Amino acid sequence: MNAFPFADYLVTAIFALAVGLTLVGALVAALSTRIIRGVSGLMICCVGLAGLFYFLNSPFLALMEILIYVGAVCVTIVFGVMLSEPDEPAEPEKPGRALLWGGTAAAICLAVFLGIAHLAVNAPWATPAKLTTDGSVRAIGVSLLTTYSLPFELISVVLLVAILGALVIARSGRTKE
Amino acid sequence: MSFLALEPIRVLLYLVGICAFVGGNAAYLVLAERKGAGRIQRRPGPNEAGWAGILQPLADGIKLLAKQVMVPPGTDALLFRAAPLMVMAPPLMCLATIPFGDTVVARNLNIGLLFVFSFGSINVMALMLGGWASRNKYSIISAARVVSQNVAYEIPMLLVVITLLMITGTMDLNEIIKQQAGWFWNWNVLKIWVNPLMPVTFVIFFTCMLAETNRAPFDMAEAESELVAGAFTEYGGMGFGVFFMAEYANIVVGCCLATILFFGGWQSPFGALSDGLWGPIWFLGKTYALIFTVIWIRWTFPRTQFYSLLNLSWKILIPLSLFTLLLTGAMMKLPLLFK
Numbered sequence: 006m007n008a009f010p011f012a013d014y015l016v017t018a019i020f021a022l023a024v025g026l027t028l029v030g031a032l033v034a035a036l037s038t039r040i041i042r043g044v045s046g047l048m049i050c051c052v053g054l055a056g057l058f059y060f061l062n063s064p065f066l067a068l069m070e071i072l073i074y075v076g077a078v079c080v081t082i083v084f085g086v087m088l089s090e091p092d093e094p095a096e097p098e099k100p101g102r103a104l105l106w107g108g109t110a111a112a113i114c115l116a117v118f119l120g121i122a123h124l125a126v127n128a129p130w131a132t133p134a135k136l137t138t139d140g141s142v143r144a145i146g147v148s149l150l151t152t153y154s155l156p157f158e159l160i161s162v163v164l165l166v167a168i169l170g171a172l173v174i175a176r177s178g179r180t181k182e
Numbered sequence: 003m004s005f006l007a008l009e010p011i012r013v014l015l016y017l018v019g020i021c022a023f024v025g026g027n028a029a030y031l032v033l034a035e036r037k038g039a040g041r042i043q044r045r046p047g048p049n050e051a052g053w054a055g056i057l058q059p060l061a062d063g064i065k066l067l068a069k070q071v072m073v074p075p076g077t078d079a080l081l082f083r084a085a086p087l088m089v090m091a092p093p094l095m096c097l098a099t100i101p102f103g104d105t106v107v108a109r110n111l112n113i114g115l116l117f118v119f120s121f122g123s124i125n126v127m128a129l130m131l132g133g134w135a136s137r138n139k140y141s142i143i144s145a146a147r148v149v150s151q152n153v154a155y156e157i158p159m160l161l162v163v164i165t166l167l168m169i170t171g172t173m174d175l176n177e178i179i180k181q182q183a184g185w186f187w188n189w190n191v192l193k194i195w196v197n198p199l200m201p202v203t204f205v206i207f208f209t210c211m212l213a214e215t216n217r218a219p220f221d222m223a224e225a226e227s228e229l230v231a232g233a234f235t236e237y238g239g240m241g242f243g244v245f246f247m248a249e250y251a252n253i254v255v256g257c258c259l260a261t262i263l264f265f266g267g268w269q270s271p272f273g274a275l276s277d278g279l280w281g282p283i284w285f286l287g288k289t290y291a292l293i294f295t296v297i298w299i300r301w302t303f304p305r306t307q308f309y310s311l312l313n314l315s316w317k318i319l320i321p322l323s324l325f326t327l328l329l330t331g332a333m334m335k336l337p338l339l340f341k
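Protein sequences appear in the order of chains U and X. Our numbering numbers the first residue of the first sequence as 6 and each following residue consecutively. Our numbering numbers the first residue of the second sequence as 3 and each following residue consecutively.
If you're looking for bench data, these hints aren't it; they were derived computationally from the structure. Check the hints yourself; a few may be wrong.
[As the list claims (entries may be wrong)] The list that follows gives simulated cross-link-like pairs (lysine to any residue, SDA-like), each with its CA atoms no further than 20 Å apart: (1) X:Lys37 <-> X:Lys335; (2) X:Lys69 <-> X:Lys37; (3) X:Lys317 <-> U:Leu88; (4) X:Lys139 <-> U:Met87; (5) X:Lys335 <-> U:Leu150; (6) X:Lys139 <-> X:Ala79; (7) X:Lys139 <-> U:Leu172; (8) X:Lys139 <-> U:Leu88; (9) X:Lys65 <-> X:Met240.
All values reported here derive from a predicted model rather than from experimental measurement.
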């Protein structure tokens, strides 16, 4: 990108687009009353996040974000919704209960958010001296199997538990009511 | 000239070229499809507009453009309008990283293969949103089918690709092509000394590609005889047209990928004449041969039943692709033990 006249503006604009997509998607996901629209918002949010990952020099992660979250997670959610939920507005809750549960949820969310924000502001950040990987398959494979082998193995345990859970639920088959 | 050499301008020009390529392909593949169907069913196919029907796509396009795009009442209008766009955008993105020749590529990425697959996976979501937003029971059944079909066939496809990735050791599409240089037995589809099941791997890949692009005999998304037009039932005019363009664009992307992964991309079959203008000629020749096979299969085999479609994936293709994965791993690593 040698001496393209508006290179800086272009990069800033694309970055703003990624941030905007993330925020708008998150807002749509949280505020929408129709659950399918909420999932669409989640999808937009994931695409925006992928853009942010790309700006953080990890194109592999960006593409994985799209492949897994848009291509698999959102599709599975919509599939589940389509099989279970008729698209009709839910019955209005009693205001007292709604206030109680909403208030509890808001308090917990605020506490978690404040805690994470406190950590993020005060904890020392490990800044890598150089670009740790070039995003190639080899670099990612090596780092997954050496530096990060414990998280990598733990993920496989999580997957195993998920598969076992699915088997337990599905074991009785279709015959049992 | 120096202005054209700037990277953003070059990529932009390539993208314009890709849009034209996709549009032209969609138009003329529809004609090829109808002609092929005609030949196979012993009738001439469209032959009125222009010489041998050569202007038929133009007439179709004008007809579709002149129609009003209806949004039926009761639909989710926003998603209904967004779905055709979402189904069209990913194949355009994918083509940006497909190398048509040694240097003829919009943007060569070192993870190009992953790029194609991650954007290819958005397609399902778009079809499903289109089906759901139509608020029509046929569309919703079709959308549910699209998802279960795509989830089922995504697995053997990715397993096959992982097998290939173990052999090539790179996700750079151009690098994968360069490894297949030389005579045609160096193409991945015939590398039986790496894995004797390589041709079978290609058959799995091709079957999954047909299923992922919702082509007959796996076109459960648009089973006209039972679901009117499946997810596209409520779409009219260019909304419907865009879905069809996207289907053909997806076929082109799938066949390009098959050419790259299994048939040596822009390499010639005899180790010479693959530089310069010859590269794209070989590449497009192989791709169109595969596209012809896709059309040929569609008009030769009847539509399968939905359960047998899922059984084919879960009971045959997935175990088989897992077996080829293990076999390739064993054949690559076992000789190292006895050194």
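Each hint, compared with the structure:
1. About 49 Å separates the Cα atoms of Lys37 (chain X) and Lys335 (chain X), which puts this hinted pair outside 20 Å; it is violated.
2. This hinted pair does not check out: Lys69 (chain X) and Lys37 (chain X) have alpha carbons roughly 25 Å apart, beyond 20 Å.
3. Taken as a hint, the Lys317 (chain X) and Leu88 (chain U) pair is broken in the structure, with Cα atoms around 24 Å apart against an allowance of 20 Å.
4. For a cut-off of 20 Å, the pair hint linking Lys139 (chain X) to Met87 (chain U) stands: about 11 Å separates their Cα positions.
5. Distance check on the hinted pair: Lys335 (chain X) and Leu150 (chain U) sit about 17 Å apart at the alpha-carbon level, within 20 Å; holds.
6. For the suggested pair Lys139 (chain X) and Ala79 (chain X), the alpha carbons sit about 17 Å apart, so the restraint of at most 20 Å is met.
7. Restraint check for Lys139 (chain X) and Leu172 (chain U): the C-alpha separation of about 31 Å exceeds 20 Å, so the hint is violated.
8. For the hint linking Lys139 (chain X) to Leu88 (chain U), the alpha-carbon distance of about 12 Å falls within 20 Å, and the restraint holds.
9. As the CA atoms of Lys65 (chain X) and Met240 (chain X) are separated by approximately 9 Å, the hinted pair is consistent with the 20 Å bound.
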